[in-house]
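Peer 1: Protein chains in written order, with our numbering: chain A, -11 to 387; chain B, -11 to 387.
Since no wrong hints were added, every one of them can be taken at face value.
One copy or two, either will do: identical chains are not told apart, so a pair holds if it fits within one copy or between any two.
With a straight-line cut-off of 27 Å between C-alpha atoms, the simulated DSSO-like cross-links for lysine-lysine are:
| id | residue 1 | residue 2 |
| --- | --- | --- |
| 1 | LYS15 | LYS365 |
| 2 | LYS381 | LYS354 |
| 3 | LYS239 | LYS126 |
| 4 | LYS63 | LYS47 |
| 5 | LYS365 | LYS47 |
| 6 | LYS182 | LYS210 |
| 7 | LYS288 | LYS354 |
| 8 | LYS15 | LYS47 |
| 9 | LYS377 | LYS20 |
| 10 | LYS364 | LYS6 |
| 11 | LYS377 | LYS288 |
| 12 | LYS210 | LYS126 |
| 13 | LYS47 | LYS364 |
| 14 | LYS244 | LYS6 |
It is worth saying that the hints were derived from the structure and are not from the lab.
No experiment lies behind these values; they were computed from the predicted model shown.
These are the residues of each chain, in order.
There are 2 protein chains.
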Amino acid sequence: MPNISQRGLNMPASPIRKLVPLANKAKAKGLKVYHLNIGQPDLPTPEVAMEAMRAVDRKVLEYSPSEGNLGFREKLVKYYAKFNIHVGVEDIIITTGGSEAVFFSFMACLDPGDEIIVPEPAYANYMAFAISAGAVIKTIPSTIDEGFALPSVERFEELITPKTKAVLICNPNNPTGYLYTQKEMNQLRDIVKKYDLFLFSDEVYREFCYTGAPYISAFHLKGIENNVVLVDSVSKRYSECGIRIGALITKNLQVKENVMKWCQARLSPPLIGQIIAEASLDTPEDYMLEVYNEYVERRKFLIDGLNRIPGCYSPIPMGAFYTVAKLPIDNADKFCAWCLSEFEYEGQTIMMAPASGFYTTPGLGKNEVRIAYVLKKEELGKALTVLEKALEKYPGRTL
Amino acid sequence: MPNISQRGLNMPASPIRKLVPLANKAKAKGLKVYHLNIGQPDLPTPEVAMEAMRAVDRKVLEYSPSEGNLGFREKLVKYYAKFNIHVGVEDIIITTGGSEAVFFSFMACLDPGDEIIVPEPAYANYMAFAISAGAVIKTIPSTIDEGFALPSVERFEELITPKTKAVLICNPNNPTGYLYTQKEMNQLRDIVKKYDLFLFSDEVYREFCYTGAPYISAFHLKGIENNVVLVDSVSKRYSECGIRIGALITKNLQVKENVMKWCQARLSPPLIGQIIAEASLDTPEDYMLEVYNEYVERRKFLIDGLNRIPGCYSPIPMGAFYTVAKLPIDNADKFCAWCLSEFEYEGQTIMMAPASGFYTTPGLGKNEVRIAYVLKKEELGKALTVLEKALEKYPGRTL
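Construct all of the structure, not just a fragment, from the sequences and the given hints.
Peer 2: In structure tokens, the structure reads:
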């Protein structure tokens, strides 16, 4: 039998994935499992999107252009303009989910061995795409005690080497829900400019900002227009993660040209997904507002509830639909596994994402979990009760 | 402005892509352009597939499992069994097109610097995926004069180094239409076994074999079950290239485990595409037969027509819907560009794929083109006339 690749063996398996068999067992035992672990909104996909899919009237489901359908990209130009992001249709390349946009950004901009600086905790799959591209992620810890604010310029500069080619941010942030301030974005702009770096900015949660504080896109920053590669996705805002449609947006001609080579290699993004996504851009304002208000309420409900549980602490997330909370426990990996395998409260239990998967610095996030508020308030309430009861019983409780 | 990646700059742009602007100009001038260059079938997507899409009755278009929907994979087990390919549902991983299956095969099995032996001419995008994975493709020329038969064992052995980790074939072949014989497949089996290599086998055209000669899958070969990674796609057989659904099939547990890590990183394959592809497996036999008969007729018509043009030669392709033909010209890149930019016959011209894009050995395929028979016979006839007239006028004609 041939030897398997070391690269594959070295790729870390996500801590959530390890919990999946435990969750399945819990369900098989008849337990109700509240999924606080996932980023799949429970809200309905807009009707206008579903209708567009049903109305597809083509004889052949052909390849679409490698850069995506022109009509869809034209509508995206108008969509971004609403957020004061002024890009041309030629700056937008449609990808197979935001995931592919991240991967193609790395492939197009970086060479093997190049380094990307990422504030952590960070979306775990960035690491996988970096490994795929042969790039190296260097993380700077942000801390729950500072509410996950952007680390200081000095911390960035400590990590910069001749191999440093990019900074990667997610704003609003998955997993922390943090929204970078104008001052923080200016700090990033200055670093990027001073060291001539790419700024990869994952802004898929822009629609979900709750505090009145402005959403500052990387494209709002002056003087670094050629450094910015924006990653986007329709998955979260229209609750259509399954269609796998995202976008990579850049004004940098060389980057575009390189990205297109990878786009052409994989031929085209999903056709039906593009039709659905294009129609989604016409989602009525009242749907968007309803979704927004729903998340606002859930967020308040969840965070208040978490902070009421003795020994728990969650900063108030300003965007997205996640929070990273600190629990009075020895080890979140163990606690999350224990909840699924050894605990139940009135026939229920909870599945959460241990925060260890979002840090690369060993030991960080050990007593933290990511909680997504993609459940209805009533269910969130029950899940909070289960969490409180679990913490009371958990043998590894620290407080 | 940050420096762009060398990897991207080094990635070869496809020779077909360079022709696209010329084709657009020709169309803008009002010329009718016959597209002999593409692998997009003109035949209708099966009605049963379109109906399944229109009947989707879900509230949320959610992520599907990273390995693909279970129901679809179960139906694929039965589909493969019809071809005497006996695999379990756990051996099948759904991918975003056959393209992703090729890429994940490389990522999961190979480390940077590892070598893959590929008979050429070969599908140009294998090269792109190898570059993505940091792997190195070593090609062995097959020749039009030998009808593109598999090169001898000796030619393979000359290329084998300690870095050689895999052999990659496409069977039936794109671009040549060649179908490997039992003897050739046995030869591959022996090499793979002797040197402990992976055998990546792209078999997306299995439905299109025209000579009565049997289709031999890599999975039919005894004793190398753990070496085989099969690449599949529904694109060609159901004329649904746009839905981006393929599969990676392997019995090798380690490979599966590694592949799943990449699958999880990109979250899931397209949901609607899977629904369409699953329904396509129920396509009535008479549709499949009609499509098959249509290709049989076109193939005869095209090959006869080509061989009747003075100085042209095409071997008889045994499968797929392409042929590589030799033309009496100095340079196919120039000729194909000339047809689009400087030639017309009664308001018509042709677009073909220069074969240079399918070879990596410099100079090979210089007077060859790939022609796809994805047009109706009537259009193929007109295209053949245009080709004949073009060859008469072309200044770089050699015979």
